[in-house]
Amino acid sequence: MFEKTVTSGDAPLLDIEGLTLRLPDHAAARPILDGVSLRVGRGETVGLVGESGSGKSVACRTVLGLLPQGSRTEGAVRVAETDVLGLGPAGLRGIRRRQVAMVFQDPRASVNPMRRVGDFLTEGLRLLGMSKKQAPARAEELLAEVGIRDPRGALRRFPHQFSGGMLQRVVIAAALAGNPALLLADEPTTALDVTTQAEVVGILRRLQVRHGTGMLFVTHDLELAAAICDRIYVMYAGRIVESQPAAALFEHPRHPYTAGLLASTPRLEADSEPPRAIPGRPVSLAEAPEGCAFAERCAFAVERCRTEVPALVHDGPAAVACLRAEEGILT
Amino acid sequence: MSRSLLRFLLGRVVGLVLVLLVTSFVVFSAVHLAPGDPVSFLMRGRPVTPEARAALTAQYHLDEPFLNQYFMWLGDVLGGDFGRSVQFRQDVGDLVAQKLPITAFLVVYAMVLVTVVGLALGILSALRPGLVDKLVLAWTGTSIAIPSYIAATVLTSVFAVKLGWFPLYGAGEGFTDRLWHLTLPAVALALTFAGLLARVTRSAMLDELSREHVEVARSRGVPEGQVIVRHVLRNALGPIVTVVGTMVAGMLVATSIVETAFSVKGVGSLLVNSVTVKDFPVVQALTLLVVAAFLVANLVVDLLQPLIDPRLALGGDEK
Amino acid sequence: MTASATPLVPGGAPRLPGARRGAPGRIRTLAAQGPLFTAAVVVLALLVLLAVFAPLLAPYDPNAINLKNSLAGSGPDHWLGTDQSGRDILSRLLYGARTGLLGPLAVVGVSTVLGIVMGVVAAWRGGWVDSLLSRSMDLLFAFPAMLLAILCVAVFGTGLTAPVIAMMVAYTPYVGRLVRAIARQEKSRPYIESYRVQGWSGWSICVRHLIPNITPTVLAQSAINFGYALMELAGLSFLGFGVQAPTADWGVMVSEGQGPLLKDVMLPALAPATAIVIAVVAFGIVGEGLADRVAKRER
Chain S
1 MFEKTVTSGD
11 APLLDIEGLT
21 LRLPDHAAAR
31 PILDGVSLRV
41 GRGETVGLVG
51 ESGSGKSVAC
61 RTVLGLLPQG
71 SRTEGAVRVA
81 ETDVLGLGPA
91 GLRGIRRRQV
101 AMVFQDPRAS
111 VNPMRRVGDF
121 LTEGLRLLGM
131 SKKQAPARAE
141 ELLAEVGIRD
151 PRGALRRFPH
161 QFSGGMLQRV
171 VIAAALAGNP
181 ALLLADEPTT
191 ALDVTTQAEV
201 VGILRRLQVR
211 HGTGMLFVTH
221 DLELAAAICD
231 RIYVMYAGRI
241 VESQPAAALF
251 EHPRHPYTAG
261 LLASTPRLEA
271 DSEPPRAIPG
281 RPVSLAEAPE
291 GCAFAERCAF
301 AVERCRTEVP
311 ALVHDGPAAV
321 ACLRAEEGIL
331 T
Chain V
1 MSRSLLRFLL
11 GRVVGLVLVL
21 LVTSFVVFSA
31 VHLAPGDPVS
41 FLMRGRPVTP
51 EARAALTAQY
61 HLDEPFLNQY
71 FMWLGDVLGG
81 DFGRSVQFRQ
91 DVGDLVAQKL
101 PITAFLVVYA
111 MVLVTVVGLA
121 LGILSALRPG
131 LVDKLVLAWT
141 GTSIAIPSYI
151 AATVLTSVFA
161 VKLGWFPLYG
171 AGEGFTDRLW
181 HLTLPAVALA
191 LTFAGLLARV
201 TRSAMLDELS
211 REHVEVARSR
221 GVPEGQVIVR
231 HVLRNALGPI
241 VTVVGTMVAG
251 MLVATSIVET
261 AFSVKGVGSL
271 LVNSVTVKDF
281 PVVQALTLLV
291 VAAFLVANLV
301 VDLLQPLIDP
311 RLALGGDEK
Chain E
1 MTASATPLVP
11 GGAPRLPGAR
21 RGAPGRIRTL
31 AAQGPLFTAA
41 VVVLALLVLL
51 AVFAPLLAPY
61 DPNAINLKNS
71 LAGSGPDHWL
81 GTDQSGRDIL
91 SRLLYGARTG
101 LLGPLAVVGV
111 STVLGIVMGV
121 VAAWRGGWVD
131 SLLSRSMDLL
141 FAFPAMLLAI
151 LCVAVFGTGL
161 TAPVIAMMVA
171 YTPYVGRLVR
181 AIARQEKSRP
191 YIESYRVQGW
201 SGWSICVRHL
211 IPNITPTVLA
221 QSAINFGYAL
231 MELAGLSFLG
241 FGVQAPTADW
251 GVMVSEGQGP
261 LLKDVMLPAL
271 APATAIVIAV
281 VAFGIVGEGL
291 ADRVAKRER
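Protein chains in written order, with full-length UniProt numbering: chain S, 1 to 331; chain V, 1 to 319; chain E, 1 to 299.
Incorrect hints may have been included.
Computed list of lysine-lysine pairs in BS3-like fashion (alpha-carbon distance at most 30 angstroms, straight line) [said to hold, decoys possible]:
hint, chain 1, residue 1, chain 2, residue 2
1, V, K162, V, K265
2, V, K162, E, K263
3, V, K278, V, K265
4, E, K187, E, K296
5, E, K68, V, K265
6, E, K68, E, K263
7, V, K134, E, K187
8, E, K296, V, K162
Example chain V residues on the side facing chain E (calculated, C-beta under 10 angstroms, incomplete) [to be verified]:
hint, residue
9, V17
10, L18
11, L20
12, V26
13, F41
14, P47
15, G141
16, T142
17, S148
18, T192
19, A254
20, S256
21, I257
22, V272
Stretch-level coverage of chain V by chain E, calculated; a stretch enters the list once three of its residues show a Cβ under 8 angstroms from a Cβ in chain E [said to hold, decoys possible]:
hint, segment
23, 161 to 171
24, 258 to 271
25, 274 to 281
26, 284 to 292
Keep in mind the hints are simulated off the structure, nothing from the lab.
We put the beta carbon where it would ideally sit given N, CA and C, even for glycine.
Please model the complete structure; the sequences and the hints are all you need to start from.
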């Protein structure tokens, strides 16, 4: 999968490079992201995994130019070689309509509750230049594609008349309406019932493959990410701490944090060890101490970890930001 | 229309009728609450001639037991007969009908001002946090505290006396002339209510602006203006419509002050005048009119709410 | 059970921070509300002082007519000038603060107490008592306060008494509905139940715990009501229904100032008008400040 990017010959679809983001908080600007670099190739599925407060959602939203009020950025967020951070309102609207679409966490909150579902879909279609007459027919097709029964009737209904899972299908249908090259999915199944989660992920995958869409899948669920992604980035306190092809990451995590995340997930196999939680609580970059932000919670931390910020070191398709990664501490 | 909606409607209408009945009872029995005998109360300030006494006794059925009096009076009122004005020696219904167009013009004019200015200021301050918001808040905070008689005083002295742009009093003839005559009264009437609407609009807009679906709309490349109109303002309509509805009755009462200050011969000044000269049948009719206006406005607001927010529609789930 | 017994209450009854603190602590919490709030409180305190000490402070008899000195502009003898009858406007303004504040005080005092009683009883008893009280409050809402006051004047005659009584009645549902809503919320909190389990009577729970806990919210509403009552009572006096003409009253003064206004003399009307607006704005700021404080406590 990784080769796809290389063989296609051109630049990656999404290329985040050294992205740093600060919020203005009184005099001293509060950092949220620090030097985040991330790539998604055409048709590739990339996971971005981290606990709440790690900055993964913020990073994801910057791709659409959705920045927190008054924030300042360094680095670049390039979509098909265009730096999103340098775009004006009109340019941003172009990217948002045709190139990048996003599926948010809670479908109930994502769709205006006071407008018909049909309005939600046709609003996007009209922005793509479709006529008032064509849009409803196309909306119907889109709903059929995500497996909604009686799509014509569904267009006339209101969001509260749908279940959460069905509404998330509507949101996915709307996101894919403009045939975007890149789909951002920010915890798209977290707000749903366990049974509908699998269905929604299935639909997302199927459509993504059919349309050849690249996807950045943001989640706190490492196992889910490993199941559907080609590559995974792990984020902690506003920094990327590890990235590897999914299978390799799952088998051989290189960062103690990734290993901790894996160990804290309950397994179904009978002979597996009971889940062990990572001690302490996740911190955001703003409240992180000096040195490695994870040092406080890390079983392998030494004196050096508390003073020195580890750089992300690349090794083939893998990269890890841990001062002791070379020592083979996790094996 | 679903059955539950029908039942809801019916309940509301029955409630409205009940409140009107209680109101009419209060308004009627006020004649008997007043100190002294009803005839001299109704004729206060005038010598009670035997003819007048006979007329009033017939009008108010004063020779009947109390409850019968009420029901007979109510029957008359329902038939549009509110009695005769002591002061104008004219049928009260005709008198009110004659003055109502001016007051209706004034209230509608003021309502248009309130809606346009209130919404504009509210939207502006919600969308421009910082200096603009602070300025608008300061203005609305002050304008809410400016009662109409003070607004009337200041407007008269500046725009009628000093600058002479608008007439001092009267209601004018014909549409344009009337618009010109009623501009200052309408502004005086609108000031407080516009401030109130601006505040309600602002907080409703701020509530809606923070919703995620607004961010989602932006993330889909919907132009900002369209986001504001289709998603923010549209969703903020509930509280806005409610507050506009509750203003109707307050505004009708406030016309009594404004019409008096500007010598506009409408229903409001008629009420003040009738109280002053103890023309009680007119007071009764106007009180019922205002309460009915309040109830109808509230009913309309309640009926509009499910159209604004489909989640409130009764029996709305078609599944 | 005596008051000194330590109640076994999970978390205890939540109280406004500073509710049981001494005066200095109270002043500090008031100042923490922001300079605008502090200024409004100072303005109101000043108003009360001016009203109370009007006889000592007023440079002239407010009713002393001097037709030779009609409509004098402001000067060293008469800071705010004189009105059409040559009466000193400043003196009338000071005396006018008395009726200006006393009327609303009566309205707000009585409507607050009535509202609390109705609201708490409705919330506490529930059932038909609640329906009856709630329906009657709904009914009162149909009468704008001004209308009820005008109706009362029509029946009982002019003067401050009839409108004040009418407005006491008209303002009660505003307090009552608010109290009912928060008392119902408060009633469902665990601390009330645990007092009950300990054998406290409903009456003493209401008086000792429920009412103190809803008081800050009610106080905020009452401050706002005070401003409205002041505005509306002055309006009735302006119409000639409230305080009667030679008496110094802000509403009466605005009305009397209409004549000079046509001669382009503004002070006789503008001075009392400004006083009214300042007082109402100050009450509004205090009310909103108190409401903010309650909202912050809830968070």
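For each hint, the structure was consulted:
no., hint, verdict
1, V:K162 with V:K265, "holds, 24 angstroms"
2, V:K162 with E:K263, "holds, 10 angstroms"
3, V:K278 with V:K265, "holds, 18 angstroms"
4, E:K187 with E:K296, "holds, 21 angstroms"
5, E:K68 with V:K265, "violated, 36 angstroms"
6, E:K68 with E:K263, "holds, 17 angstroms"
7, V:K134 with E:K187, "violated, 38 angstroms"
8, E:K296 with V:K162, "violated, 48 angstroms"
9, V17, "violated, 12 angstroms"
10, L18, "holds, 9 angstroms"
11, L20, "holds, 9 angstroms"
12, V26, "holds, 8 angstroms"
13, F41, "holds, 8 angstroms"
14, P47, "violated, 19 angstroms"
15, G141, "holds, 6 angstroms"
16, T142, "holds, 6 angstroms"
17, S148, "holds, 8 angstroms"
18, T192, "holds, 9 angstroms"
19, A254, "holds, 7 angstroms"
20, S256, "holds, 7 angstroms"
21, I257, "holds, 6 angstroms"
22, V272, "holds, 5 angstroms"
23, 161 to 171, "holds (count 3)"
24, 258 to 271, "holds (count 3)"
25, 274 to 281, "holds (count 5)"
26, 284 to 292, "holds (count 3)"
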